[in-house]
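When you get a sec, could you build the whole thing from the sequences and use the hints?
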Amino acid sequence: MTDPQVAVLMLFIFILTIMLGFPICFTLMGMAVFFGYYAYYDAERQTSIFDNPIFDLLTNQTYSVVSSDILTAVPLFLFMGYIIERANILDRLFHSLHVSARNIPGSMAVAALATCALFATATGIIGAVVTLMGLLALPAMLKARYDTSFSAGVICAGGCLGILIPPSIMLIVYAATTNVSIGRLYAGALLPGILLASLYILYVIGRATLNPSLAPKPREEDVSDISALDSAILLATSFLPLAILIFSVLGAILPGLATPTEAASMGVLGGLVLAISYRLAGIRDGTVIPDWHDRRPTRFDGLLYALGLAGAATLGLALAYLVLRAVSAALFGLTPPSGPGFLLQPGVGVLVTLALALAFGTGGRGLPGFRWLRIKSPSLRPAVIFAGEGLVLGAAIGLIYVVAFGVFGMGRYFDDHALNPYGFEIALYVSLLGFFAWRVVDKDRLQESVYLTARTSAMVCWLFVGSWTFASVFSYLGGHEVIREFVIGLELSPIMFLILAQLIIFFLGWPLEWSEIIIIFVPIFLPMLPLFGVDPLFFGILVALNLQTSFLTPPMAMAAYYLKGVAPPEVQLIQIFKGVMPFLSMVLVAMVILYLFPQLALWLPTVFYGR
Amino acid sequence: MLQFIQIVDRISSWAGKAFAWCILLITFVIGYEVLVRYALNDPTSFAYDLSYMMYGTLFMMAGAYTLSRDGHVRADVLYRLWKPTTQAKVELTLYFLFFFPGILALIFAGFDYARASWTYLEVSSASPADVPIFQLKSVIPAAASLLFLQGIAQVLRCWICIRTGAWPPHTKDVEELEVTLLEDEEELLPGEGREARPKDAEL
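Going down the list, the sequences are from chains A and B. Counting in our numbering, the first sequence runs from 1 upward without gaps. Counting in our numbering, the second sequence runs from 1001 upward without gaps.
The hints are simulated quantities; they were obtained by calculation from the structure and are not laboratory data. Keep in mind that this is a model prediction, so the values were computed, not measured. Honestly, I wouldn't trust all of these hints.
[Stated by the list, open to error] Counterexamples of contact, computed for chain B against chain A with all Cβ distances above 12 angstroms: (1) Ile-1007; (2) Arg-1037; (3) Trp-1082; (4) Gly-1110; (5) Leu-1136; (6) Leu-1147; (7) Arg-1163; (8) Ala-1166; (9) Val-1174.
[As the list claims (entries may be wrong)] A short, non-exhaustive set of chain B residues, derived as facing chain A with CB atoms under 8 angstroms: (10) Ile-1023; (11) Thr-1027; (12) His-1072; (13) Ala-1105; (14) Gly-1165; (15) Leu-1181.
Backbone N, C-alpha and C fix where the C-beta goes; we use that ideal spot for every residue, glycine too.
As structure tokens, then:
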């Protein structure tokens, strides 16, 4: 048997073996070791049976996964998703969107679709969106006499949009597999994602208009009379923060302002801010009982309270100044002063904080003009006291730093490390925020998010460890050439090749999930793309669209099973599948549109990055 | 035997969970980098190396923890239709055929790889700060050894399943939201929603 034949055999055995249901990353690793040992075997050069280049290959490929700066963004985006998922935002989001969409036909379905799309985009986790919406929106829709299939289809299809619309984890994984930059992929996926989402919404509105029995108008008694102001507030506290979070992450990545890793970390911090704000709001309303509810007051409470409030105000002023400066530089072309602003100058921030603390008053009596700033809810007062504790702690750390580096000159012991002029301020504010966040955040949920992030990242990245080794052995044996020649022999036109490739991926999506398809099977198609003049970026967007279906088609329609699991008992699996079908055809329509107008995917990347 | 499995599970999940907190460190390190670079115009020389190091350690060390929770992705279209004993027999064979050769290769080759790096205290070429990376290379054999240990526990699980006809239960741990919600739902409606569990769905 020649080497290329062995390679094809290897691929076939692999496809047969994964159907046995063994964890795929270890199947890949084991097969790569066996076939690699055969491929690199050289009886004359090896000194012992363990002396074979495959072992070096295995560790080298493992290390390149371990040190991949593209994949670093994966756990960060996952973490952001888990934090937002657990922030209790979904019911508020659905309610507010429903209220604002109440005059559109099929308003509840439109709201459910938009909620799913937005939430799935922010979290990137499909199962959670579909189950949460199945518990929240589906009963509400059924109660409003919506058609069962129709409602179920909306929720399943909407939840799957999260893997397509950036920032999505699937596109990062595709970027790591194909070496297309994440920024380009995100830019490319944006318009097709919006296209598919609007197709869904148009379909829902159209069906609801043509056939009002599917989505009847709400009865008089079901319409909650909410004033325009209240609904605006609802939107501003649920839809707006999520949208801002998504757009700022994208807005940092797309123009190349920040790397995906940096944007993802900022996304995590934004998600934490969101989670903490919602928790504080819940504590204020009494729906959440804080872990400090039986805290005993101490003598310093008044002082710490004033300090915490003042420190937060100072920090807010400093941040506002930074934002103002950035905006004025961008809009009016003003050249900003080189320093970071006077509130971050050594000592000034502390003085302002102390002055403000005096104004707020320590024992409860402050200057009259500042009293309205005090926090009224008694259950929130300790949170401010924590901020004050953080401020004191930060001042202590900052002082130690200044004394060590400024007075005793400890910088000598570090290479080129002089006293950082902002060191004291950084310590002060970081400690204020950090201590506050640590005391206020829901630690159980944070811990759950951390552990789940580790498990899901391990799942994705170990797949890379196996796959990269497997792919090296496969291409060393000449497997890619065989497949290439076979495809050339078929004499396909580019369109036919694209259709064939997408069909194969569609069928792979029945038994497999997106991670295996992208990491293992996409690399097999990659070397053929130049033959047909297909841009890997364009191919990636098509695959992303296509993989929407892998969650919706039996037998592995995870979205449908999750929904069935939480739906009221009268909802049948077959009804869910029936409801999903129209949305599957919408995916097909979107793919055809993309075939006809490739510029939809290719235009934005050229705008941002040139050719 | 069950006790051994539990001890190994505990070791793996302890290691996985301990290193899972790296994610917070990555966030803070990069957050600090963004602050000093964009606001104070004074970038650090270590943030880049530190971020991929912690990402690498995080996912490598969580490998065994994920295996102990059965979290590594598998194509279980056929698998979930089989009886537990059939599942266990197939899995037992494949552990010896694929898992142990691959992991043993990773342990020994990774050990040599890390030892070579330790001998000259290798540093990263990505920054002028001479950030050491030999400790990151040692993560490879360490994580593989944990996986090897967990692999033995998984083999014993298969063995128990073949003997008794049922998979030994897992200890309680965090689960994905959809799993917890499905379980809650089942407690509420006994008998209902059973067939919808992905594990025993037919169709």
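Do the hints match the structure? See the list:
1. Ile-1007: Nearest chain A Cβ is 20 angstroms from B:Ile-1007, so the label holds.
2. Arg-1037: At about 9 angstroms from chain A, B:Arg-1037 fails to clear the 12 angstroms cut-off, so the statement is violated.
3. Trp-1082: violated (8 angstroms)
4. Gly-1110: violated (5 angstroms)
5. Leu-1136: violated (7 angstroms)
6. Leu-1147: violated (9 angstroms)
7. Arg-1163: At about 21 angstroms from chain A, B:Arg-1163 clears the 12 angstroms cut-off, so the statement holds.
8. Ala-1166: Nearest chain A Cβ is 17 angstroms from B:Ala-1166, so the label holds.
9. Val-1174: Given a closest Cβ separation of 5 angstroms, the condition is violated.
10. Ile-1023: Where the cut-off is 8 angstroms and the nearest Cβ of chain A is about 5 angstroms from B:Ile-1023, the hint holds.
11. Thr-1027: This interface hint holds because 5 angstroms falls under the 8 angstroms limit.
12. His-1072: holds (4 angstroms)
13. Ala-1105: Check passed: Cβ of B:Ala-1105 comes within 5 angstroms of chain A, closer than 8 angstroms.
14. Gly-1165: violated (18 angstroms)
15. Leu-1181: holds (5 angstroms)
Violated hints, listed in ascending order, are 2, 3, 4, 5, 6, 9 and 14; each of the other numbered hints is respected by the structure.
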